[in-house]
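There are 2 protein chains.
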Amino acid sequence: MKRIRLIVSLLGIILFLSACGNLDSSSMSSGGGTSTSKGTQLTGQSDDSQYEGVIKNGKYVTSKSRGVSNTQNADNQLNLKSFETGLLNVSKNEFSTSKYAFREGQYLSKSTVSNWLDRESKSNPDGLNPKSNGSTSPTKRNPIYLQQIEEQDYMIQKDSKLTLGGITIGIGINSVDYYKKAQYGATYETDISNAQVKAQGRKIANEVLSRLRKKSALKNVPIVIALYKQASNDSLVGGNFFSYSVNKNESTSVSSWKSINQKSYVFPLSDSQSSPNTNDTTSFTNFKSQVEDFFPNLSGVTAQAQYTDKQLDGMNIKITTQFYSQTEIINFTQYLQSAAQKYLPSNVPIDITVSSTDGVQSFLSRTAKAKKFTSHVFNSY
Amino acid sequence: MKRIRLIVSLLGIILFLSACGNLDSSSMSSGGGTSTSKGTQLTGQSDDSQYEGVIKNGKYVTSKSRGVSNTQNADNQLNLKSFETGLLNVSKNEFSTSKYAFREGQYLSKSTVSNWLDRESKSNPDGLNPKSNGSTSPTKRNPIYLQQIEEQDYMIQKDSKLTLGGITIGIGINSVDYYKKAQYGATYETDISNAQVKAQGRKIANEVLSRLRKKSALKNVPIVIALYKQASNDSLVGGNFFSYSVNKNESTSVSSWKSINQKSYVFPLSDSQSSPNTNDTTSFTNFKSQVEDFFPNLSGVTAQAQYTDKQLDGMNIKITTQFYSQTEIINFTQYLQSAAQKYLPSNVPIDITVSSTDGVQSFLSRTAKAKKFTSHVFNSY
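Protein chains in written order, with my numbering: chain E, 1 to 381; chain L, 1 to 381.
Just to be clear, a hint being listed does not mean it is correct.
All copies of an identical chain are treated as equivalent in the list; a pair is satisfied when it fits inside any one copy or across any two copies.
Stated by the list, open to error - Distance condition first, Cα-Cα at most 30 Å in a straight line; then the derived DSSO-like pairs of lysine-lysine:
| id | residue 1 | residue 2 |
| --- | --- | --- |
| 1 | LYS214 | LYS198 |
| 2 | LYS371 | LYS219 |
| 3 | LYS310 | LYS180 |
| 4 | LYS140 | LYS369 |
| 5 | LYS263 | LYS181 |
| 6 | LYS342 | LYS161 |
| 7 | LYS215 | LYS181 |
| 8 | LYS219 | LYS263 |
| 9 | LYS180 | LYS161 |
| 10 | LYS263 | LYS56 |
| 11 | LYS342 | LYS59 |
| 12 | LYS369 | LYS342 |
| 13 | LYS371 | LYS99 |
| 14 | LYS371 | LYS214 |
| 15 | LYS198 | LYS122 |
| 16 | LYS372 | LYS59 |
| 17 | LYS318 | LYS248 |
Because the hints were derived from the structure by calculation, they are not lab data.
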């Protein structure tokens, strides 16, 4: 939300900003707050591609279902990060970062989300996963399709108050369902085909939409629903969003889906994988071999790369090694700055983190628009 | 080393820079290298307060005593980082980053450093630590004073070749010597007074200087020697340099010492500590309480702060907590950007790292000259 817009819209109401407590640039005390941190405010914006977040009475407004998806994703944290960042990106198609502020979901409670994620049963009629059919065979049982649900609220400003402008719901569907036949027993897997992921996702989305419309606050706002295919637990990248729908006020079933053609890779590719773009893989390979040649006993240079419509969205490169001195880290980082500039694809965001067994030692980053990498070496007094 | 200076000095010699392998901006192939990465080059410079590092035949030139100090410092890695960064800073007083390049020490070998760090004995006449007097009493035994030695080489350019312009030697003296009476037994401590740290440091420095002058390559260059007091193993900050000497060509004993009045603190201070500067401690306390109020269950907000001549040099702040979503990390980081700007001391470099049990999640940084914090959230596809 642009500062100028905010200032204009705040004109005419009396604001008492005290010396500490309010973030001046983004304060939006509802109804003219009088003390340090009463009322609703925004976090401020680190850059204009990010949403500001909602603060209430000086505290961050956490999700009403906080922690539920986290537990569900304990086995592959990568799914959690890529799911949430991806959901923000889908939302940006509908809710621009200059007009809307972000609030963690306030309409789905912990117990609601827990019940929905569970199987349907006599005691849990709201379960969105199928009833158990009693089988424990990987191919005959009814798998758990729905792995996570997340609500994000998008707020607009009316008469110096924040009101709900729309919500986004992310639905994560398993590509592999991991299960046990006995408590503490071995883990078995049921594979779920892409066709099933898509069909189950759409079915669940329709049901979720109709349930949400029964809440009076959500009757009359646009509801974006995005479908995500979870990566398997052994994957070194998270899953990906494959379609989303924008559902206008009062609509109770999804009328059309837009597809998202997105896929993430880990470089170096395994022998069985085909390259999404040979230029990118060559760039990475050249970078990797230069860097490995430069520094003794590097233990790993890998990258996550994400593609949308076969175009590279960005790369996260991880370099791991043992360092024997801080000067090695400083000089290695300086070298990387030149080498990355020279070898890696341009015009896409690239992050490089350099770690040892003691954790992250330095990192480099270049945004899509920037010409040069910036670098930072973590220091200690 | 400024790029323009480099280009000028390289005029007149033929350079064959191939498409890959050389860092064009800083290539200094000695004698007109013909293949991708033959000869001597520099790493490039991330900013002009840093030295460029020396590369030979495409490889980073590592220290001849690589790994020796590291083992010595296993019990408090903070000593290692602060020792090496501090040694670079002392060196900058004598060897400017615009004229000199940095090379890891090439004159002291692993075995030399190991022998010097050991006790003097029949089998090791070169040991710089005192002979054992047989006692195991904390107050009667001869403690290990000398904990680490590091050599740094500073190179200048002559006739398109790098030649040695001077060296810096860092000498780390224990403030506490940890020892065992029996292998795998309990650890005992001998405290070493500040007066002893200083006296022993000076004595060892003189001996080191006279030994170095016996090497023909080191006869005729300035040798800077800096003395460091090691922090105890339970310290949450490293030790500090307390004096240094600049020894002109051929001088074999130190004629004068300059004192360095430097001390590092951990905020919040313990009850028994007095505040180095009440403004800074108040700033930190306000920042900490605002941040803790903002975000639920923060598990820690601490800072390292370093002072020279009672002036704040900079702060490293660590914030640790559990996050339940990527959106929490993004919004917390945006909030920190405003809060840090508002509460923390200005005109000094400040780093803030935000970590969870999964490692660093985001970080913010402001240089001494910059007006605003930059931030970066670590992402994953």
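Hints and how they fare:
1. When the C-alpha separation of LYS214 and LYS198 is checked against a cutoff of 30 Å, the pair qualifies only within one copy, where the shortest distance is 25 Å, while the shortest distance between copies is 77 Å.
2. For a Cα distance limit of 30 Å, the shortest separation of LYS371 from LYS219 qualifies neither inside one copy, at 46 Å, nor across copies, at 45 Å.
3. Within a single copy, LYS310 and LYS180 get their C-alpha atoms no closer than 37 Å, and across copies no closer than 62 Å, so neither meets the 30 Å cut-off.
4. In this assembly of identical chains, LYS140 and LYS369 lie within 30 Å of each other by CA distance neither inside one copy nor across copies; the values are 51 Å within and 66 Å between.
5. With identical chains, the CA atoms of LYS263 and LYS181 are never at most 30 Å apart, being 32 Å at best within one copy and 60 Å at best between copies.
6. Taking CA atoms no more than 30 Å apart as the test, LYS342 paired with LYS161 passes between copies only; the shortest distance there is 25 Å, against 49 Å inside one copy.
7. Proximity of LYS215 to LYS181 under the C-alpha cut-off of 30 Å is found in neither arrangement, the shortest distances being 38 Å within a copy and 73 Å between copies.
8. Proximity of LYS219 and LYS263 under a CA criterion of 30 Å is satisfied in neither setting, with 34 Å inside one chain copy and 62 Å between copies.
9. Proximity of LYS180 to LYS161 under the C-alpha cut-off of 30 Å is found in neither arrangement, the shortest distances being 50 Å within a copy and 67 Å between copies.
10. Taking the shortest Cα distances, LYS263 and LYS56 never come within 30 Å of each other, neither inside one copy (37 Å) nor across copies (40 Å).
11. Only between protomers do LYS342 and LYS59 lie at most 30 Å apart by alpha-carbon distance; the minimum there is 17 Å, versus 44 Å within a single protomer.
12. Proximity of LYS369 to LYS342 under the C-alpha cut-off of 30 Å is found in both arrangements, the shortest distances being 16 Å within a copy and 29 Å between copies.
13. Proximity of LYS371 to LYS99 under the C-alpha cut-off of 30 Å is found in both arrangements, the shortest distances being 29 Å within a copy and 27 Å between copies.
14. In this assembly of identical chains, the alpha carbons of LYS371 and LYS214 never lie at most 30 Å apart, being 50 Å within a copy and 49 Å across copies at closest.
15. In this homomeric assembly, LYS198 and LYS122 come within 30 Å of each other (Cα to Cα) only inside a single copy, at 27 Å, whereas the closest approach across copies is 78 Å.
16. Only between protomers do LYS372 and LYS59 lie at most 30 Å apart by alpha-carbon distance; the minimum there is 23 Å, versus 37 Å within a single protomer.
17. Taking the shortest Cα distances, LYS318 and LYS248 never come within 30 Å of each other, neither inside one copy (42 Å) nor across copies (44 Å).
Violation of the numbered hints given earlier is confined to hints 2, 3, 4, 5, 7, 8, 9, 10, 14 and 17; the remaining hints are satisfied by the structure.
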